[in-house]
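Q: Generate coordinates for the entire structure from the input sequences, incorporating the hints supplied.
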Amino acid sequence: MSKQDDSNACRSCRREFLYAAATGVGAVGAAATAIPFVRAMQPAADTLAASTTEFDVATVEPGMIKAIIWRGQPIFIVHRTPAMLKEINGHDAMLKDPESRAIPEVESAWMTSDTLRSTRAIRPEYLVISAVCTHLGCIPTFKPTPGRKDWGDAVPVDWPGGWLCACHGSLYDLSGRVIKGSPAPFNLHMPPYKYIHDTTVLIG
Amino acid sequence: MFITPKQQLYSKYALAAALIFIWPTMQVHADEIALKPVKITMDRNTLQKGLAVYTDICMGCHSMRYVSYRDLMEYPELHISRTKADALRGENALTAPLKSPLSEEDAKVSYGIVPPDMSVLAKARVGGGAYIYSIITGFAHDPSGRIPDGNYNLYFPGHRIAMNDPLGWLDHDPGDEKALLEQARDVASFLTFISDPHQIERHNIGKYVMGFMVIITILLWLLNREVWRDVKHGLPDAQFQGRERRDSDIDNDQRE
Amino acid sequence: MIKEILDSPIATWVDERTHAIRYVRYHLLDYPTPKNLNYWYAFGSIAIVILAIQILTGLFLAMSYKPSALLTGGGFTEAFDSIERIMRSVNYGWLIRYLHAVGASAFFFVIYLHMARSIYYGSYKKPREFLWIMGVAIFFLMQAAVFFGYLLPWGQMSFWGATVITNIFGATPIIGHWLQEFVRGGFSVGDPTLNRFYVFHFLAPLMLVVAVLWHIMALHVTHSNNPTGVTLKKKHIIPFHPYYTVKDLFGIALFFTLFFYFVFYNPTGYGFILEPDNFNPANPLKTPPDISPLWYLTPWYEILRLLPSKLGGIAILNIAFILLFLLPWLDRSPVRSARYRPRFKMMVLLLFSSILVLGYCGHHGVSPMLTWIGRGAGIIYFCFFLVLPFVHKFEPTVTLPDGEA
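Chains as they are written, first to last, in numbering that gives the first Met the number 0: chain A, 0 to 203; chain B, 0 to 255; chain C, 0 to 404.
For the record, the hints were derived by calculation from the structure and aren't laboratory data. Take the hints with a grain of salt, since some may be wrong.
[Claimed, not checked] Straight-line C-alpha distance at most 20 Å; calculated SDA-like pairs for lysine to any residue:
| # | chain 1 | residue 1 | chain 2 | residue 2 |
| --- | --- | --- | --- | --- |
| 1 | C | Lys2 | B | Asp229 |
| 2 | C | Lys234 | B | Lys122 |
| 3 | B | Lys38 | B | Ile199 |
| 4 | C | Lys232 | C | Ala51 |
| 5 | B | Lys122 | C | Lys232 |
| 6 | B | Lys231 | C | Thr244 |
| 7 | B | Lys231 | A | Ser11 |
| 8 | B | Lys122 | C | Trp159 |
None of these values were measured; they are calculated from a predicted model.
A: This is the structure in structure tokens:
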């Protein structure tokens, strides 16, 4: 009688073990199955391969702005005149992050001096900057001249010149730095770029 | 299974009838051209040599629209250096496909057809690599003399091929035969690889998947056997009139 | 563990408001099943798993596929290009596509065995007529799904296969010409055809899911037949779980070991799963030397060309399909399983071999010998249905215990 009970107990524990083992191995398999499907939704090899863009900044006239596409998102190239470059300084008190240090996306390895941190460009006359408002992703409008003369009361009285985002009223100066009181939290992002020839930049 | 000898005979008739029926159909289609056997290998050395044959010879006419110079660097099986890729691409972008300098219009004028793209060629031909190998080492003199030399190919359907003997196989020096065969084998291997560039990765992942499947199948088999111990056998069975049931009938009916 | 989950307060809370748990309990756990089902009965579960895989991989392929016959140079199209992009650039795109392609063949393989089992054990007979009809409907929906899906790569076989089959519509009396243009959305198979076939291919699994649910609903009312064909007494009935959950899972694992062998080591299946000629882009100016559908459609394709008349071929193909639907009413035997019907068994084996031979002939090109072999097989196929209403008169008498029939 007791012998039979033992044998039944053994049967039952063997069964429990097999259930657990099959469930465990099955769970591992199900988890592994998810990998290719998750990976399939990440950028494909050809998308990654097309992640750099070349652009000749000399094609932008002084004082003008041009938008180009990099990785499907717009980048502003601004040819800043000496007058515009002067406008960059002197309003640090208005800015949320005058030295572009808040998050890694707004700074770059080449920003080694205070001047570079305020001009935010390798060659100060050519600003290469992301055109995506850091608030909710709209594209800001270029309003380069200072004051309300050209823009009316859409901009503050002490407007230093820069961008106004029409969606929610975020303001940026001519270096793409966000002005206090804007809903946008950060300066416009700085894409990785370098000069590969005299006036040709490689973005990405 | 519970049936009388006479009825057993019926099912044997049925099987025999089926076999007799199927057998002659197996005899049709023996007239297809047998391809030359070739050992396709996918080591880096062979593939790089095959790539060189492709870029030196084939690419004169055949493009590869789905393969870029960058791909040649990035597929681990091929993995050519940046310097080599730069030398191959010349003025082309790294992400540009391998495009033949021969335009479609010029090809139509010179050959009458546009040479097929080679990116998926090995998958698009019955025999794959062996087909390519056989074609480029299959040039011969037409026994009937109708097709000019260089356009007669033993393995091409209809024997008339627009492609002109790319390796110089026709009337080759017997001393060169080994080198030519190796070139043909290398390029056949390369084209087989590039037609499905993830195949090595696929085979590698396959080992783990098959291993996993064997383990879980064995576990489930054991579990299945264990669970079914509970079920008492003993099933109803039909009885043909005029015949006693045998005990073995019951056993045969019960698979579990 | 399952028991603990189903008894948990949350499950009870949900069940009181939706009855979801008691559905699971009845249809998956306690569902009464004959105890003598053999491994042939696992193919239904296997087919459901394959359907799930087809839907999942199909959705992921749709994320990268472009249904466009716009030429991109050298005879290639956006559709063909997008599939090569899936094969080369999309991460694990090759795996997802091969799963989908092998899955299509596996689906038919499993469904043919499932149907063969059903015919052999007489599972289509009363009271399971609706179950059978729904099953045949699923089979037709699958045929539609593969037909639409096969056009999508826009290769040579895609294009010419679609051309040939849409030509069939043109043989319809009176409205044929109009119907053909209506199906194609143009005078020939082209970009509009590809776009609508993509939509239909996407629609097919939705309809399949509904049909499969109805199939299972019918099964769970009439319950499973069994190899004896006899309606079993209660003492021979066991719950679905754990006996058939585990047994079916084992069958699934065994089948998928074979399945994954093909996916990882032989995804083109010697040209039976993916045909070589379909890796050539579609060329409307050049018909391939040998147009035959993939292996699972070849028996029906052969029936289509049995008669030397276009309309005649289409007519007998329709009859061949209608006969499948009528099977429960053509078979007038009081006994279900072929086990106890020796003459029926012989006929069934002949039917199965005739379908195999039809498939063989349909796969190969036209030759006088194959045409006659195919006609012989076709005659056997139709004779099966012709003789079926009378065959029970010639069976030996049998006494069936444990049930009414």
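Q: All hints are to be evaluated individually against the structure, with a verdict given for each.
A: Going down the list of hints, with the structure as the test:
1. In summary, the hint linking lysine 2/C to aspartate 229/B is supported, as the alpha carbons are separated by about 19 Å, within the 20 Å threshold.
2. For a cut-off of 20 Å, the pair hint linking lysine 234/C to lysine 122/B is broken: about 57 Å separates their Cα positions.
3. A hinted pair counts as satisfied when its Cα atoms are at most 20 Å apart, and lysine 38/B with isoleucine 199/B qualifies at roughly 16 Å.
4. Using a Cα cut-off of 20 Å, the hinted pair lysine 232/C and alanine 51/C is violated, with the two alpha carbons roughly 35 Å apart.
5. Our distance criterion of 20 Å between C-alpha atoms is broken by lysine 122/B and lysine 232/C, whose separation comes to about 56 Å.
6. Distance hint between lysine 231/B and threonine 244/C is fulfilled; the C-alpha atoms sit about 18 Å from each other, no more than 20 Å.
7. Only pairs whose Cα atoms come within 20 Å are accepted, and lysine 231/B paired with serine 11/A is accepted, the gap being roughly 17 Å.
8. Note on lysine 122/B and tryptophan 159/C: the hinted pairing holds, with a Cα-Cα distance of about 19 Å set against a maximum of 20 Å.
The structure is inconsistent with the numbered hints 2, 4 and 5, although it conforms to all the rest.
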